[in-house]
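Number of protein chains: 2
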Amino acid sequence: MDFQITTRDPSSKARCGLLCTPDGHIETPAFMPCASRAVVRACSPQDVAAAGIQVVMCNAFHLLIRPGSEAIQQAGGLHQFMNWPDLIATDSGGFQVFSLADRSDITEDGVSIRSPLDGSAIQVTPELSIQVQNQLGADIIMAFDDCTPYPCDHGEAARSMERTLRWAQRSKAAHDNPKQALFGIVQGSVYPDLRAQSARATVQIGFPGYAIGGVSVGESEAEMFTALDAALPELPLDAPKHLLGVGVPAQMIAAVKRGVDLFDCVLPTRNARHGLLYTWEGIVRINNAQYREDSRPLSELCDCPACTHCSRAYLHHLFRMEEAAAWRLLTLHNLRFFAQFMQQIREAIGAGKLDELHARVAANTGEKTGGEGGKTT
Amino acid sequence: MDFQITTRDPSSKARCGLLCTPDGHIETPAFMPCASRAVVRACSPQDVAAAGIQVVMCNAFHLLIRPGSEAIQQAGGLHQFMNWPDLIATDSGGFQVFSLADRSDITEDGVSIRSPLDGSAIQVTPELSIQVQNQLGADIIMAFDDCTPYPCDHGEAARSMERTLRWAQRSKAAHDNPKQALFGIVQGSVYPDLRAQSARATVQIGFPGYAIGGVSVGESEAEMFTALDAALPELPLDAPKHLLGVGVPAQMIAAVKRGVDLFDCVLPTRNARHGLLYTWEGIVRINNAQYREDSRPLSELCDCPACTHCSRAYLHHLFRMEEAAAWRLLTLHNLRFFAQFMQQIREAIGAGKLDELHARVAANTGEKTGGEGGKTT
Chain S
1 MDFQITTRDP SSKARCGLLC TPDGHIETPA FMPCASRAVV RACSPQDVAA
51 AGIQVVMCNA FHLLIRPGSE AIQQAGGLHQ FMNWPDLIAT DSGGFQVFSL
101 ADRSDITEDG VSIRSPLDGS AIQVTPELSI QVQNQLGADI IMAFDDCTPY
151 PCDHGEAARS MERTLRWAQR SKAAHDNPKQ ALFGIVQGSV YPDLRAQSAR
201 ATVQIGFPGY AIGGVSVGES EAEMFTALDA ALPELPLDAP KHLLGVGVPA
251 QMIAAVKRGV DLFDCVLPTR NARHGLLYTW EGIVRINNAQ YREDSRPLSE
301 LCDCPACTHC SRAYLHHLFR MEEAAAWRLL TLHNLRFFAQ FMQQIREAIG
351 AGKLDELHAR VAANTGEKTG GEGGKTT
Chain V
1 MDFQITTRDP SSKARCGLLC TPDGHIETPA FMPCASRAVV RACSPQDVAA
51 AGIQVVMCNA FHLLIRPGSE AIQQAGGLHQ FMNWPDLIAT DSGGFQVFSL
101 ADRSDITEDG VSIRSPLDGS AIQVTPELSI QVQNQLGADI IMAFDDCTPY
151 PCDHGEAARS MERTLRWAQR SKAAHDNPKQ ALFGIVQGSV YPDLRAQSAR
201 ATVQIGFPGY AIGGVSVGES EAEMFTALDA ALPELPLDAP KHLLGVGVPA
251 QMIAAVKRGV DLFDCVLPTR NARHGLLYTW EGIVRINNAQ YREDSRPLSE
301 LCDCPACTHC SRAYLHHLFR MEEAAAWRLL TLHNLRFFAQ FMQQIREAIG
351 AGKLDELHAR VAANTGEKTG GEGGKTT
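Residue numbers (this note's numbering), protein chains in the order written: chain S, 1 to 377; chain V, 1 to 377.
Don't read these hints as lab results, they were simulated from the structure.
Note that CB positions come from ideal geometry on N, CA and C, so glycine has one too.
A few of these clues could be false.
Residues on chain S that point at chain V, a partial pick, calculated with CB under 10 angstroms [to be verified]: (1) 66; (2) 317; (3) 351.
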């Protein structure tokens with residue numbers, strides 16, 4: 001992987017970059033929708049690419065369970081299995097594994113869980129997660145981390161962060177595919193000292209890119225940015241930085257201003273399936289009765305298939321019937337919004353207009369659109 | 001509506017035709033997938049048009065319940081509401097109304113049912129069905145008929161057929177949109193004398209096209225063709241003829257040879273959602289474990305999005321996860337098969353090769369793919 005910073009914002013730490021891998025390249029800042037099970041739910045990979053999305057985030061744990069990482073390796077890896085033309089990242093699966101486990105199931109070795117498919121015992125370790133991710137063959141893969149619960153006292157947060165460091169070393173040692181870039185993950189809950197310590201120690205282990213984990217798990221926005229402000233300055237300026245699970249547009253710009261390059265989150269796709277659509281004219285909740293006879297498109301400013309071909313009345317009708325066609329069309333709309341949004345961030349960095357965009361985005365996506373734990377699909 | 005026969009098969013009653021309405025024209029024989037609720041399930045109208053489908057069948061009863069025929073009239077009719085570029089037919093809704101009613105709820109006036117939405121009482125009459133269909137604004141609409149149950153003795157079948165005739169007269173009297181072609185419906189269960197009598201009397205009332213109803217409801221294939229052979233010769237040679245609810249490929253060719261021009265059926269779309277795919281190489285049941293690592297497309301001979309972009313292994317994975325993306329891709333495959341199949345029927349009529357196509361289709365779609373009552377979505 002090669003990461004080149006192409007433009008720097010004079011008034012913040014925001015930057016545009018070009019992230020190149022053997023499979024292609026993307027411009028950053030970039031957003032990765034969740035394709036946990038090798039599909040952005042309700043959409044085909046071709047649909048998602050047509051929306052202007054260049055990278056998706058799949059999940060090692062979901063794919064280990066089904067169809068199995070060997071089956072995907074057999075198909076030639078995730079790119080071939082999905083027939084996805086651009087970049088792919090995989091999450092280590094830690095978040096899902098921890099959501100299935102009690103804290104008592106966690107040892108220094110790893111996490112013991114039961115397969116959600118057949119109840120069989122699985123010992124998930126850093127080595128297994130990396131082996132699975134090596135088999136899946138994504139461009140960017142993640143170290144297996146100890147997902148610190150929230151709320152969490154300082155002592156427990158410190159122990160969890162230190163275990164994450166030991167697992168980061170084991171993840172790096174297990175990593176066996178030079179075509180893939182393994183990112184280290186910074187933990188430390190809401191404690192600035194732990195976040196800074198985690199960042200410094202993760203950099204000492206040494207990775208081509210870094211992710212900030214354990215945010216957007218229920219803490220306040222102020223706590224999240226305090227954690228970011230403690231961790232980010234400790235990370236190498238020129239390395240790509242990924243903020244895991246954050247997809248609230250105004251928060252994303254605030255993070256970009258702090259030097260974040262990559263995002264993934266379930267919000268745009270999950271919100272779409274729940275009828276919440278982002279537009280440059282404001283949030284649309286398509287289930288509302290006011291749209292029953294509304295012949296206008298969702299947004300006059302969008303060129304997605306839903307806005308090009310469908311009235312709000314028709315989308316309202318499909319959504320009320322719980323039609324899979326609605327989930328797809330609405331998901332493609334939100335993905336198009338996010339693709340355009342990232343494009344506008346990149347243009348604003350070049351033009352020094354990030355504050356202007358921030359105000360506009362905060363005004364038009366202002367309805368509470370966040371949520372606890374953005375990582376599940 | 002204008003219907004012109006363009007080619008006749010020298011060795012059967014099969015013919016190709018051009019059916020023109022103010023909204024466009026289609027070549028016949030043609031197949032209409034079910035879009036009961038103004039959508040072919042899991043697909044956008046643009047998807048369906050891209051599959052080569054030129055006409056869809058919506059349902060007056062489903063659309064009366066939701067979103068209401070006035071809402072669709074307000075939107076400018078079904079064509080505008082769906083943004084569907086080609087032709088639309090509507091079913092009278094009789095089949096769904098009768099499925100909600102006891103025989104005791106049926107009087108000479110119509111059928112009393114409770115709304116499946118809110119339990120309110122609805123008296124469905126020929127006049128209401130036609131009013132709703134006039135509001136929906138499809139190109140082809142259907143008379144409201146008494147759906148004869150199966151099995152049914154000769155006396156009851158005769159009474160039901162005679163009521164259908166009286167309702168056909170009331171349907172014709174209520175019809176108030178000269179842009180729409182109202183088709184009369186032939187009933188008479190499995191009894192040749194009743195089928196012939198129904199056909200003659202329906203022709204006496206006079207319609208621009210005729211449909212054969214009450215078939216594919218549980219009777220044997222032989223009984224169905226006996227009924228068809230009794231009814232079809234009594235209908236005007238030059239009028240378009242629609243066989244309601246039949247979508248088994250080999251049966252469709254057998255019906256084309258008897259002079260049928262139009263078909264509608266839920267089978268290709270419902271079968272797709274259940275993982276049964278039609279290909280020129282034979283039936284594929286995509287849920288089967290044998291496809292787990294099969295990198296080939298569903299069919300080498302198909303140009304649908306599923307066959308162009310996806311391996312069987314990927315479709316198997318999506319289908320096993322009950323992914324809406326699978327329902328769409330598999331539906332588009334079966335629709336493409338049916339569009340190509342109808343195209344091949346039209347070419348075979350011109351080339352005198354209908355028997356050859358019949359043998360090929362029977363061999364490749366030979367698995368039991370029919371079912372009782374093809375009309376629901």
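So, residue 317 of chain S near chain V? Judge it on the closest CB pair being under 10 angstroms. Hint on residue 317 of chain S: holds, closest Cβ of chain V at ~5 angstroms, below 10 angstroms.
Under the criterion of a CB-CB separation shorter than 10 angstroms, is residue 66 of chain S in contact with chain V as hinted? holds, 7 angstroms
Please check whether residue 351 of chain S passes as an interface residue: C-beta within 10 angstroms of a C-beta belonging to chain V. violated, 35 angstroms
Violated hint for the displayed structure: number 3, the only one.
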